[in-house]
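2 protein chains.
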Amino acid sequence: MTIPAPLNPRERLLMGPGPSTVPRRILSAMGASTLGHLDPQYIEYMDETCQMIREVYQTENALTFPVSGTGMAGMEAVVVNLVEPGDEVIVCINGVFGGRMKDNLERAGATVHTVEVPWGETFSDDAIAEAVEQYPKSKMLGIVHAETSTGALQELRGISQIVHQAGMLFAVDTVTSLGGHEVKVDDWQIDAVYSGTQKCLSCPPGLSPVSFSPRAIERMEARKTKVQSWYLDVSMLKNYYMGSGGRAYHHTAPINMVYALRESLRIVLEEGLENRFSRHQEMHQLLRAGLESLGLQYIPKESLYTLNCVSVPHEVDEAKIRSKLLQDYDIEIGGGLGVFAGKAWRIGLMGHSATRRNVGTLLTALKDCLG
Amino acid sequence: MTIPAPLNPRERLLMGPGPSTVPRRILSAMGASTLGHLDPQYIEYMDETCQMIREVYQTENALTFPVSGTGMAGMEAVVVNLVEPGDEVIVCINGVFGGRMKDNLERAGATVHTVEVPWGETFSDDAIAEAVEQYPKSKMLGIVHAETSTGALQELRGISQIVHQAGMLFAVDTVTSLGGHEVKVDDWQIDAVYSGTQKCLSCPPGLSPVSFSPRAIERMEARKTKVQSWYLDVSMLKNYYMGSGGRAYHHTAPINMVYALRESLRIVLEEGLENRFSRHQEMHQLLRAGLESLGLQYIPKESLYTLNCVSVPHEVDEAKIRSKLLQDYDIEIGGGLGVFAGKAWRIGLMGHSATRRNVGTLLTALKDCLG
Numbered sequence: 511m512t513i514p515a516p517l518n519p520r521e522r523l524l525m526g527p528g529p530s531t532v533p534r535r536i537l538s539a540m541g542a543s544t545l546g547h548l549d550p551q552y553i554e555y556m557d558e559t560c561q562m563i564r565e566v567y568q569t570e571n572a573l574t575f576p577v578s579g580t581g582m583a584g585m586e587a588v589v590v591n592l593v594e595p596g597d598e599v600i601v602c603i604n605g606v607f608g609g610r611m612k613d614n615l616e617r618a619g620a621t622v623h624t625v626e627v628p629w630g631e632t633f634s635d636d637a638i639a640e641a642v643e644q645y646p647k648s649k650m651l652g653i654v655h656a657e658t659s660t661g662a663l664q665e666l667r668g669i670s671q672i673v674h675q676a677g678m679l680f681a682v683d684t685v686t687s688l689g690g691h692e693v694k695v696d697d698w699q700i701d702a703v704y705s706g707t708q709k710c711l712s713c714p715p716g717l718s719p720v721s722f723s724p725r726a727i728e729r730m731e732a733r734k735t736k737v738q739s740w741y742l743d744v745s746m747l748k749n750y751y752m753g754s755g756g757r758a759y760h761h762t763a764p765i766n767m768v769y770a771l772r773e774s775l776r777i778v779l780e781e782g783l784e785n786r787f788s789r790h791q792e793m794h795q796l797l798r799a800g801l802e803s804l805g806l807q808y809i810p811k812e813s814l815y816t817l818n819c820v821s822v823p824h825e826v827d828e829a830k831i832r833s834k835l836l837q838d839y840d841i842e843i844g845g846g847l848g849v850f851a852g853k854a855w856r857i858g859l860m861g862h863s864a865t866r867r868n869v870g871t872l873l874t875a876l877k878d879c880l881g
Numbered sequence: 511m512t513i514p515a516p517l518n519p520r521e522r523l524l525m526g527p528g529p530s531t532v533p534r535r536i537l538s539a540m541g542a543s544t545l546g547h548l549d550p551q552y553i554e555y556m557d558e559t560c561q562m563i564r565e566v567y568q569t570e571n572a573l574t575f576p577v578s579g580t581g582m583a584g585m586e587a588v589v590v591n592l593v594e595p596g597d598e599v600i601v602c603i604n605g606v607f608g609g610r611m612k613d614n615l616e617r618a619g620a621t622v623h624t625v626e627v628p629w630g631e632t633f634s635d636d637a638i639a640e641a642v643e644q645y646p647k648s649k650m651l652g653i654v655h656a657e658t659s660t661g662a663l664q665e666l667r668g669i670s671q672i673v674h675q676a677g678m679l680f681a682v683d684t685v686t687s688l689g690g691h692e693v694k695v696d697d698w699q700i701d702a703v704y705s706g707t708q709k710c711l712s713c714p715p716g717l718s719p720v721s722f723s724p725r726a727i728e729r730m731e732a733r734k735t736k737v738q739s740w741y742l743d744v745s746m747l748k749n750y751y752m753g754s755g756g757r758a759y760h761h762t763a764p765i766n767m768v769y770a771l772r773e774s775l776r777i778v779l780e781e782g783l784e785n786r787f788s789r790h791q792e793m794h795q796l797l798r799a800g801l802e803s804l805g806l807q808y809i810p811k812e813s814l815y816t817l818n819c820v821s822v823p824h825e826v827d828e829a830k831i832r833s834k835l836l837q838d839y840d841i842e843i844g845g846g847l848g849v850f851a852g853k854a855w856r857i858g859l860m861g862h863s864a865t866r867r868n869v870g871t872l873l874t875a876l877k878d879c880l881g
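So the sequence lines, in the order shown, correspond to chains A and B. As numbered in my numbering, residues 511 to 881 make up the first sequence, in order. As numbered in my numbering, residues 511 to 881 make up the second sequence, in order.
Hints listed in this document are in silico derivations from the structure and should not be mistaken for laboratory results. Careful: at least some of the hints might be erroneous.
Identical copies carry no separate label here, and so any pair may be met within one copy or between two of them.
Said to hold, decoys possible - Here are the simulated DSS-like pairs of lysine-lysine, each with C-alpha atoms no more than 27 Å apart in a straight line:
hint, residue 1, residue 2
1, Lys853, Lys748
2, Lys647, Lys736
3, Lys748, Lys830
4, Lys853, Lys877
5, Lys830, Lys649
6, Lys811, Lys748
7, Lys649, Lys736
8, Lys694, Lys649
9, Lys834, Lys877
10, Lys734, Lys647
11, Lys811, Lys877
12, Lys853, Lys649
13, Lys877, Lys734
When you get a sec, could you build the whole thing from the sequences and use the hints?
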């Protein structure tokens, strides 16, 4: 075959549902010399990375580390480690990712009860209380904090109480919120949580930060069956990530991806969590005002700051506009997913992408394209 | 917390069982601007990467792509897609990785029959013929081409014929051979194969190139049960990697890792496969002569070029020597694994690490350390 030409990607402004634009500082860190996965210097970098993940999740959970795969590997890690065949579980579905959690749980042999509200809406405490009463034998309730497919932000505090009073574990998807919205794992008593690196952490995709509470660890230790995934089996992974007196080799960690994540977390902590959340809120308000002045309406009642999902006017060919934005302006935004396919745009304001300059750039370009 | 200092990894010479030293050219490519995973430019890069994986595997298999995880995720992908609960399979064990394949298969619900020879040895055609006769209902036979834990190279041609005559699929682990030893997927009629990026391709760890034959696809299409892993389910992944008329989103691909793999494959093809295999053979012969002149003996009869596993003399504290090599010389070599723990060194000659200069550097340093 003819060997392809050297890589020369365009410098896109990434304002879709992820990945977000990666700052040069992170790309440089990722290109640092590769160490071995058992090198003491690498172990130190890894430990620092895990500690910074704890800071960002606002947790003291010892079992906190980056799964060696993208966000969906994190979802699967949570599911396969906490569920055994025959377990009853409840899943809340108001978009694509709740549906995926259900699919994952079924593949792990769980009996899945679903609570559903229309896409774009969120779950009230009452709805959850009712579900918990209806399926009292459930061992876990799973919910999405930030539905990437609809842009809806789910309030979690009340739900967490209801779930724990019923003796269930509380598992939360924070793929599109971590680093952009407040996620308080300890305060909110989340037992298992996962996220992705390529959203509000502005790191390239490839890792999934996860954290498990002591209650979740108890559940794992009481398992009667082996975890169905070897690659994601926390009972072995913890000997690498938390091993005292030497780290047991499990699989070769994605060294340079961990470099990138470490740098992205340094940036998050330098900015400060509160400042970061405020910035995302401000940029969302700015974008919202601009989009609404263009006549575009938000779909969810409770919109995320980080993902802005708006209806596309009937007369507009949404794919054509997105393609024009990409080709003529080097700006990426997302189309609708699932029931919103062809009907919505998803505009990301995540991490490094959430700046005043980018909001202005996007609004100007979008106005041009809409003519 | 105090924010950790900027990353500043030492520039180690990586001559252990992997990762190998990553050339700057690959690290630079990995740091190129992140594109979206549905960006037409990225899709083109990904297609080129898949085509180059085919070249290196010497296959025309359409279903050839990089799994979004390290080599062990590739092993799991092969297992969970080709095996259904209750299936009988045969696994050949002569080291750690055959054992892992067994563990993976059991977690997928298979009934596993094992053929074993002592660590460091390899399987004769007769041994395989006997196993196939003993367990005729088996649907697949799995074997390791290059046992990273022992340094043994397994001949595959005769075995493949025996396995196919018995109507079984033939699955092969090429983690430590791909890019260093000949791997002819089509000629040798391998039905499912996986590897890692961080060995003889000299790319950072994080992806696992896999390939499935049309026979393997038939088996997958005839499945009665869902694949137990959502993340690794090829029936969905193929719509992203091979989809005609648009690529269906499954999970966010590890964009920058694919950049790195693409560059590493460009380097492999620039050198040419035959030249590359010869280089690994020559460097192995050079290293072998040097190690033997230091009084060190190879453990396997049929040694890999890419991984050189030698016995540590009784009077030597092997961990101390490895630590001295790392601390004083910035050279990483590996210790023994499993039954060879504390008793062997594993010296890698993989990809970018397999040069005359590095062989000389290592031998000189090792001689110093052994005093």
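- request: Could you tell me which of the numbered hints above are not met by this structure, giving the numbers in increasing order?
  value: Of the numbered hints, 5, 6, 12 and 13 do not hold.
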